[in-house]
Amino acid sequence: MKVFLLYPDRDFDISQKLPANTQDLSQDLGLITLFDAMSEGDEFLFEVVRQVVLSSLDEINIISYRQEILKDCLKHPDIVRKLYDIPLEFLERKRKQWLWFPPRHSSPSLILSCAHHLLEASHELLRKLRQIADEHTKIFESRGFRRFFTMIQKELNDEYLDTIEKHIRTLKFPKGILISAQLGRGNEGTNYILCKPNNRNQNWIERFFTQRTPIYSFSLHPRDEYGARVLGDLRDMGLARTANAVAHAAAHVESFLNLLRWELAFYIGCLNLYEKLEQLEEPICFPKPVFADERRFSCTGLYDVTLALTMKQKVVGNDIIADGKDLILITGPNRGGKTIFLRSVGLAQLMMQAGMFVPAQSFLANLCSGLFTHFKREEDKNMERGKFEEELKRMSTIVDHIKPNSLILLNESFASTNEREGSEIAMQVMNALLEAKIKVFYVTHLYEFAWGFKEKKMKNVLFLRAERLPDGRRTFKVKEGDPLKTSYGQDLYKSIFKDMPKVFSE
Amino acid sequence: MSFHSILWMENGVQSETMSQPDFFSDLNLDQVVEAITASKQEYNLNPIFWTPLRNVEAIRYRQEIMRDLEDEIFMAHIKKFAEKIRTVRRYLSMVEKLDFDYHREGWLLEAALVYSEATVELAHNLAKASLRSRGLLAFREWMNGYIQSQTFRSLVIEAQQVKQNLSELKYSIIIESGKFKVKRYEGEIDYSIEVEKTFEKLRQKDVDGYLWKLPERTGMSHIEAKILEFVAKLYPEAFAALDHFCANHSYFINEIIQSFDREIHFYISYLDFIAELKRRGLPFCYPEVSSMDKEIFVHDGFDLALANALQHKEKSLILNDFSLKDPERLIVVTGPNQGGKTTFARMFGQLHYLASLGCPVPGREARLFLFDRIFTHFEQKEDVSNLRGKLEDDLVRIHNMISHATPHSLFILNEIFTSTTLKDAVLLSREIMERLMNLDIMGVWVTFLEELTTLSEKTVSMVATVDPHDPTIRTFKIIRKPADGLAYTLSLAKKYQLTYEQIKKRVHL
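One line per chain: the protein sequences are A and B, in this order.
Heads up: the first sequence at position 306 corresponds to 306 in our numbering, and the numbers run straight through without jumps.
Heads up: the second sequence at position 86 corresponds to 86 in our numbering, and the numbers run straight through without jumps.
Just chain A, same shape as in the assembly (with noise of 0.2 angstroms):
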């Protein structure tokens, strides 16, 4: 019984590894607000998001087997919960039935009635698997979910759950034992020893002269059940092997259900997401992905999902045709919506290889070998690194996974130093990083960087910038147009030390 909903023909790899530039990735691109709003406090969809969204898909194909499952999914939004409530409502099940002790170190009376209940809770969420396979199997479109419905139908058969239940047994209560104990710290009982019940055949004379002690018995009031579990607990060691064989049974179609759960995890994330999107009003579309070689970027309507998830409301987004270009870079006053709109080119690209719906109303790019984002930091806390030489590590570590065509995001990068000698090494890596056909977008304030490609005139550079209206106000729009010089800075000083008297200024 094979699941099969995120790849045509395989489960997904749980110990796949992530990119190795994993942390940066969720840091710059604020990846854990994405996944948070996908999982809404579900520890388990906010795992499964992140290994599905982090394992970007290289092939077209399977994008498209996962867009036509989302789809289904986006249509049918009942039907696709109900079929992840299946699994769900064995995980409550198990976790009821199993409240007392963990399974591994609990007691085999406790582990075989589990196992058996595990048994009969599965076979009737089975059997609804099938009902709701045969009543849906019609309106569904996608390869998917016809491939996963007709399987249930075919494979899931009573039989196999019977066989399983023959295994259960029940047990006899032995005989009474008997304990000498002490008292030991707290009055609790201890130097608990096993004992032999003195011989009752002595004579008659030995008996006249053992002297009477005074016995106090209890009896267990019939549905005491923890009491009779403390008493039981050394007859439980009897019963460890039968125990184990039928809980090994029970993890089999365990199994299933936990593969289920897990793939059909990411479109419930997905769903969630489409919700959230939907009651800001922000659009969606199914991104148009072309091949990696390609120099294909163009976006209309584009926003970062993170910041309109944050601000609960809708957001700028940004129309950009970049076809053809290697370089983006962005330039333009602070706070102007810069580090946005490369997040948002980040999360799209993200969002499109994991076969996800994007935030924009419309998105074609290529595909990319791999992502990297190289954003500004504050210093290093383990201390043994200045800022600048922090910078340079990274960059370094990126251009030891980074291959042709993959893309790279920078965010104000060789900033920490001066800059003259920023400008210097920005223009060194980036001469090299775009011969060796690496996609680049660039937030910058190193205007003689800027200003050196621009006067280069090269048709594969495009230059953006965040917009500023004459009377000095943001729109939070990127636009082309080239880099200007003054970042004003000081308009801000101005109006933020205005309650202070002035102090010399040349």
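No lab work stands behind these hints, which were simulated from the structure alone.
A couple of the hints might just be wrong.
To be verified - Incomplete in silico selection of chain A near chain B, CB under 10 angstroms:
id	residue
1	S180
2	N198
3	S219
Every residue gets a Cβ at the ideal spot worked out from N, C-alpha and C, and that includes glycine.
Model the placement of chain B on the given structure of chain A, informed by the hints.
Positioned in the frame of chain A, the structure of chain B alone reads:
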């Protein structure tokens, strides 16, 4: 001589700060305090470390106690006491959660036994110690009175008696299906060996999945409680004595001992933390502290967080000096990246802060200023939920700092205004510098803007130096001299293989 608190002088009690000061993470003091208090969570020491003292006399009070505790034998005795009180607390918190009377009483008795042992021992050890500090001398006197008090004497004697009687009892349990019996032990023979043989036969070696491990019981079930109840019926005298004891001694911990136990850990935790560093040859000293005199210095100082981080590495730590003589107020640090500038700035802040706690500071000799507040501004990590631009954020923060600053405040600025153009950065920095000098503020400013080093007689230029024979080797020595204009950017790029030629070779088409 009356005893009040081992942390505070009688007329100088400050309420403890309940949240971490803003500048902690910039100065890496969060790491330091985390490392100091990590293994002492239960004492809730953070608020003490978050509360700097406001007068010089209060600092001396603590310095004296620190010095007394540097006696290793005395320290070992204090720790032994603390360990036992910890056990007492553990037992008592357990008692609160227990459901059954004789169980609860059993643990209360254990707690009382450990408490009385710990207290007597401490009083004995205090008497032997040669103490100088006002705080500990007063505490010793108080302790002598306490252990001779009638309350304490009766606690000790009764507890020992009751325990003796209980531990001598022996009984048997007979378990049957759905019921059990309890009686006095009557010499029955050990049967466990035969039982073990039975289980040996049932063991499966190749499957480990669901095999059972005997659960370790904590607490007591109602069944065990019932058994205990029966044992009490079998031996009523011993349990009556226990009841009597518990009724008389339900709250036996003295309040002064309780707060001494917490507060002494401020000293223990700090001295423990620096002990290992001292063993590795790093100097610590008790600084002279003044709230008036702005002439300060340190000789062979270092960053405590860095020293701790390097603890397990084979790297040596570089020690640095600084001094300010009237009218000097601000140290402007320039020099190559990764040259130790930030570390130096942190050290400046840490030394002042640690001195204000009454702690020995990382350095061979020091005179420091007792500040009213410390303001720091280090570059922040980009944060998606922070929707303000970075430069605006910088400016707003510095504006806030200046509006709250007084001539007694310390400023530590590290590479501010890096998110704007060179021209803007110079202009804005000069404006800020001027405001700081008008306030007569002391501090450190790390920057690559050499223009700032020569602004006035209040600024002192210090430079992170490199090896004269190889400019890529940093000495981490920060020396008082004019900014020398050397930057090492390209040599660094080469080191990380990021020049044009190097990258071309590294990325394969």
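Check the structure against each numbered hint from earlier and tell me which ones fail, lowest number first. none
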